[in-house]
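Colleague: Protein chains in written order, with the numbering used here: chain S, 1 to 157; chain Y, 1 to 157; chain C, 1 to 157; chain H, 1 to 157; chain R, 1 to 157; chain F, 1 to 157.
Simulated from the structure, these hints should not be mistaken for lab results.
A portion of the hints provided could be inaccurate.
Remember, identical chains collapse to one label, so a pair may be satisfied in a single copy or spanning two.
Said to hold, decoys possible - Simulated crosslink set (SDA-like; lysine to any residue; CA at most 20 Å straight-line): (1) K140 x H92; (2) K105 x H78; (3) K157 x A137; (4) K115 x Q89; (5) K105 x D59; (6) K95 x D118; (7) K108 x E91; (8) K124 x H78; (9) K95 x K108; (10) K108 x P90; (11) K51 x S61; (12) K108 x G32; (13) K51 x E94; (14) K157 x M55.
Number of protein chains: 6
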Amino acid sequence: MKSKIQMTKISNFFYKIIDAGDVWAHCDLFCGVYDPAQARIEAQSVYNAMKIYHMAKDDASKQRVVLIKEQRAELVKHHLWVLWTDYFQPEHAEKFENLHDLFWKATKAAGDAKKSVDPADGQKLIDMIDEIGSIFAATKDGYQYGPVASNMLGQAK
Amino acid sequence: MKSKIQMTKISNFFYKIIDAGDVWAHCDLFCGVYDPAQARIEAQSVYNAMKIYHMAKDDASKQRVVLIKEQRAELVKHHLWVLWTDYFQPEHAEKFENLHDLFWKATKAAGDAKKSVDPADGQKLIDMIDEIGSIFAATKDGYQYGPVASNMLGQAK
Amino acid sequence: MKSKIQMTKISNFFYKIIDAGDVWAHCDLFCGVYDPAQARIEAQSVYNAMKIYHMAKDDASKQRVVLIKEQRAELVKHHLWVLWTDYFQPEHAEKFENLHDLFWKATKAAGDAKKSVDPADGQKLIDMIDEIGSIFAATKDGYQYGPVASNMLGQAK
Amino acid sequence: MKSKIQMTKISNFFYKIIDAGDVWAHCDLFCGVYDPAQARIEAQSVYNAMKIYHMAKDDASKQRVVLIKEQRAELVKHHLWVLWTDYFQPEHAEKFENLHDLFWKATKAAGDAKKSVDPADGQKLIDMIDEIGSIFAATKDGYQYGPVASNMLGQAK
Amino acid sequence: MKSKIQMTKISNFFYKIIDAGDVWAHCDLFCGVYDPAQARIEAQSVYNAMKIYHMAKDDASKQRVVLIKEQRAELVKHHLWVLWTDYFQPEHAEKFENLHDLFWKATKAAGDAKKSVDPADGQKLIDMIDEIGSIFAATKDGYQYGPVASNMLGQAK
Amino acid sequence: MKSKIQMTKISNFFYKIIDAGDVWAHCDLFCGVYDPAQARIEAQSVYNAMKIYHMAKDDASKQRVVLIKEQRAELVKHHLWVLWTDYFQPEHAEKFENLHDLFWKATKAAGDAKKSVDPADGQKLIDMIDEIGSIFAATKDGYQYGPVASNMLGQAK
Numbered sequence: 001m002k003s004k005i006q007m008t009k010i011s012n013f014f015y016k017i018i019d020a021g022d023v024w025a026h027c028d029l030f031c032g033v034y035d036p037a038q039a040r041i042e043a044q045s046v047y048n049a050m051k052i053y054h055m056a057k058d059d060a061s062k063q064r065v066v067l068i069k070e071q072r073a074e075l076v077k078h079h080l081w082v083l084w085t086d087y088f089q090p091e092h093a094e095k096f097e098n099l100h101d102l103f104w105k106a107t108k109a110a111g112d113a114k115k116s117v118d119p120a121d122g123q124k125l126i127d128m129i130d131e132i133g134s135i136f137a138a139t140k141d142g143y144q145y146g147p148v149a150s151n152m153l154g155q156a157k
Numbered sequence: 001m002k003s004k005i006q007m008t009k010i011s012n013f014f015y016k017i018i019d020a021g022d023v024w025a026h027c028d029l030f031c032g033v034y035d036p037a038q039a040r041i042e043a044q045s046v047y048n049a050m051k052i053y054h055m056a057k058d059d060a061s062k063q064r065v066v067l068i069k070e071q072r073a074e075l076v077k078h079h080l081w082v083l084w085t086d087y088f089q090p091e092h093a094e095k096f097e098n099l100h101d102l103f104w105k106a107t108k109a110a111g112d113a114k115k116s117v118d119p120a121d122g123q124k125l126i127d128m129i130d131e132i133g134s135i136f137a138a139t140k141d142g143y144q145y146g147p148v149a150s151n152m153l154g155q156a157k
Numbered sequence: 001m002k003s004k005i006q007m008t009k010i011s012n013f014f015y016k017i018i019d020a021g022d023v024w025a026h027c028d029l030f031c032g033v034y035d036p037a038q039a040r041i042e043a044q045s046v047y048n049a050m051k052i053y054h055m056a057k058d059d060a061s062k063q064r065v066v067l068i069k070e071q072r073a074e075l076v077k078h079h080l081w082v083l084w085t086d087y088f089q090p091e092h093a094e095k096f097e098n099l100h101d102l103f104w105k106a107t108k109a110a111g112d113a114k115k116s117v118d119p120a121d122g123q124k125l126i127d128m129i130d131e132i133g134s135i136f137a138a139t140k141d142g143y144q145y146g147p148v149a150s151n152m153l154g155q156a157k
Numbered sequence: 001m002k003s004k005i006q007m008t009k010i011s012n013f014f015y016k017i018i019d020a021g022d023v024w025a026h027c028d029l030f031c032g033v034y035d036p037a038q039a040r041i042e043a044q045s046v047y048n049a050m051k052i053y054h055m056a057k058d059d060a061s062k063q064r065v066v067l068i069k070e071q072r073a074e075l076v077k078h079h080l081w082v083l084w085t086d087y088f089q090p091e092h093a094e095k096f097e098n099l100h101d102l103f104w105k106a107t108k109a110a111g112d113a114k115k116s117v118d119p120a121d122g123q124k125l126i127d128m129i130d131e132i133g134s135i136f137a138a139t140k141d142g143y144q145y146g147p148v149a150s151n152m153l154g155q156a157k
Numbered sequence: 001m002k003s004k005i006q007m008t009k010i011s012n013f014f015y016k017i018i019d020a021g022d023v024w025a026h027c028d029l030f031c032g033v034y035d036p037a038q039a040r041i042e043a044q045s046v047y048n049a050m051k052i053y054h055m056a057k058d059d060a061s062k063q064r065v066v067l068i069k070e071q072r073a074e075l076v077k078h079h080l081w082v083l084w085t086d087y088f089q090p091e092h093a094e095k096f097e098n099l100h101d102l103f104w105k106a107t108k109a110a111g112d113a114k115k116s117v118d119p120a121d122g123q124k125l126i127d128m129i130d131e132i133g134s135i136f137a138a139t140k141d142g143y144q145y146g147p148v149a150s151n152m153l154g155q156a157k
Numbered sequence: 001m002k003s004k005i006q007m008t009k010i011s012n013f014f015y016k017i018i019d020a021g022d023v024w025a026h027c028d029l030f031c032g033v034y035d036p037a038q039a040r041i042e043a044q045s046v047y048n049a050m051k052i053y054h055m056a057k058d059d060a061s062k063q064r065v066v067l068i069k070e071q072r073a074e075l076v077k078h079h080l081w082v083l084w085t086d087y088f089q090p091e092h093a094e095k096f097e098n099l100h101d102l103f104w105k106a107t108k109a110a111g112d113a114k115k116s117v118d119p120a121d122g123q124k125l126i127d128m129i130d131e132i133g134s135i136f137a138a139t140k141d142g143y144q145y146g147p148v149a150s151n152m153l154g155q156a157k
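Could you build the full structure based on these sequences and the hints that come with them?
Modeller: Below is the structure:
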């Protein structure tokens, strides 16, 4: 098994970049770690749950899907709210004029996803998070949102 | 602001790949969405908290760091446990012989990180998650763990 | 003990008003129950904790205060986020132009309260919630925010 | 928008009263903030959920109602238990002889509400919390329970 | 390793008793599973945390102890409240006249344990839970509380 | 009511044993309190829920069962994961060669129990926890797992 070695190589590569200077931006706030991946991952679960709902054959399975979808959509809301309040700063709100509205609509879309079993509503939520993800990337040097989304698309039902 | 347009382009690109056929593997299980990014993100918080502990000037701030580190390390454990139990299957355990031991040591490392304020203990935890991440990537076509880790390294204190 | 009788009288009075017709507005959404009291109550705990921090004589008590303050401030954020996303609708955002900004600053103030032990920061948070409470009352016929706030002021340290 | 100004006026009014002396009682205990409003708000959600259950047209919506009702009834129990254990003191138990029994029956009523979709069971729970609320008010100078209940009645389905 | 075989023997023994008829009483309620062991286990953690507090050498460790003690004491309260409200019935309250008072004092003792680092306060809490445990055993044929307590005493610091 | 006196006697008996010396082993780790009873109790709830599912007459009751079963099975997983990571040490893994595999399969069985309403799947989970319980007992002098299991069997539906 050679995964250990491969990773070590990758890590060394990363650290070189880090040590090299100011290439990588980082957050100046207290806790300082944010990633729209958290909301995106849960949104994929919501979307997949909607697809599975229609495949489920018995009542108990459908009930589970509704329950899991509810929990995951709640986590989407939480992760989005945290990004909005804790990560984004006045200068971002100035630069991205629709920032507040986008987060409002995205968290409302997560609420709508709780009430729906239509995968189109899940897709709408994912699209909004992807838009937030690309704004996030635009504010953070070196952060790549593309792979975050593609890692999830590869797990779509 | 052109982020919307850029993202749409990326999305279209992804969907083309998805629609193209079997290029992207996905999980056959019920819920079907897994991503070691979840554990990696929380581990970065643990590491950063350790660094911040030594910079904090008053007792109340240090107490907050201990509290946040405890919560984040618990989340690391949870996300790792979920990966181990829910994602990995017997065929993976056969292929990656140290799978159980690696998860055992990684979750123990998260426990050790609760007890310590030495960033080296946080780094040890991150290294183990990176190793798990690379194994995960090796089992999932199209999943890239590299950007997941580099997105976090860019946010290291 | 005559409290039972008194309450019954009050209840009858309320029900008469309810039954009387359309005097009381109510939410048309799914779950339909919202009350800024939830955020206001937790904010009072945050404020009181800040006062108590300075009265506490031993380290263990101070540590408890920091912990409880952190939890309560997190609950403030949660209750405010729920109000913002779930209760308020586009027509409200149009009428109260600073709605998004007010919620953003109020939830940021809750974050600041986690980092501070200065009661002035707790007061700032309470003031913003009181402003939200008065907007809420302005959108809901028959809702009184005044007593919600005064019930808490009576419990201030 | 004049809500800001109105609130400031109200606040000043409250602070004058507070500053005036001993008019407002407050709790002598550690954390010191209690309000039966917390249980009352969740109980309204339970009651509304019961009403909505019978209006819901599809299975998935009914399943959501059952789930939300369960969570809200659990919160009712929690908030009542906290009041009973943390707020009420031996002198209250002496004065209000049925205090223990009332809390026991009210928390049991919350459990019954989990098992039922009959709004009458939700009303029974609300009535008991209203009785607790009036006892609470009787023990705390300046606290008004009436508006707490009427704020909720205005949101009844 | 012969543990598997031993357990199978024990299991068979239990099932024989179960199958034999009405020897084992069981709860008639919905969920039907209760065990004072849950509260007793967490109370032991509270007690041990108090002992460890005085052994801890650095501030960060003491802060962790305060945090863990707080969480565990909260779990004690929760498990006791559940027993009181969900398991015990009017016929029990009639037979054990101090039932309500005992639970009130035990949950208050859990609250006191949050505020204290004196192991004597932890012991007081354990004693009350042991008293509840013996009442529980007296209401449930075949339930043994003795081993529950001794399993914990063996883990006391 | 003589339960108080009986318990005091039992307690004295236990303390004598404790005070007598090294008869009772205890954990050397930080927190130091572990008991497979926690997982076993929740597993009994899962099993009972499965039985109740088939007795339930209306949809709302069945939905509740699915919900409660999901929560309880999640708690089983959590308690098992904690035992595996926090309690068991390398020397145990060496002595009980199937330790990792047993925990992996037991937590997977808890996941399977979420997806099933067949009591046989609940029994499979219980059997694995009983096996873990007997291993735990074999590593801890004075700990009795038998009564833990029999206390639950007496509450089986």
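Colleague: Next, verify each hint and record whether it holds.
Modeller: Results for each hint:
1. Taking the closest pair of Cα atoms, K140 and H92 come within 20 Å of each other only inside a single copy of the chain (11 Å); across copies the shortest separation is 33 Å, beyond that limit.
2. Taking the shortest Cα distances, K105 and H78 sit within 20 Å of each other both inside one copy (14 Å) and across copies (17 Å).
3. In the homo-oligomer, the alpha carbons of K157 and A137 lie at most 20 Å apart only across protomers (18 Å), although the nearest pairing inside one protomer, at 26 Å, exceeds that limit.
4. With identical chains, the CA atoms of K115 and Q89 are at most 20 Å apart between copies only, with a shortest distance of 17 Å across copies and 32 Å within one.
5. In the homo-oligomer, the alpha carbons of K105 and D59 never lie at most 20 Å apart, since the shortest distance is 32 Å inside one protomer and 27 Å across protomers.
6. In this homomeric assembly, K95 and D118 never come within 20 Å of each other (Cα to Cα): the closest approach is 34 Å inside a single copy and 32 Å across copies.
7. With identical chains, the CA atoms of K108 and E91 are at most 20 Å apart between copies only, with a shortest distance of 15 Å across copies and 24 Å within one.
8. Only within a single protomer do K124 and H78 lie at most 20 Å apart by alpha-carbon distance; the minimum there is 18 Å, versus 24 Å between protomers.
9. Taking the shortest Cα distances, K95 and K108 sit within 20 Å of each other only across copies (19 Å), while inside one copy they are farther apart (23 Å).
10. When the C-alpha separation of K108 and P90 is checked against a cutoff of 20 Å, the pair qualifies only between copies, where the shortest distance is 11 Å, while the shortest distance within a copy is 22 Å.
11. Within a single copy, K51 and S61 get their C-alpha atoms as close as 13 Å, and across copies as close as 16 Å, so both meet the 20 Å cut-off.
12. In this assembly of identical chains, K108 and G32 lie within 20 Å of each other by CA distance solely across copies; the values are 15 Å between and 26 Å within a copy.
13. Taking the closest pair of Cα atoms, K51 and E94 never come within 20 Å of each other, the shortest separation being 38 Å inside a single copy and 31 Å across copies.
14. Within a single copy, K157 and M55 get their C-alpha atoms as close as 11 Å, which meets the 20 Å cut-off; across copies the closest is 32 Å, which misses it.
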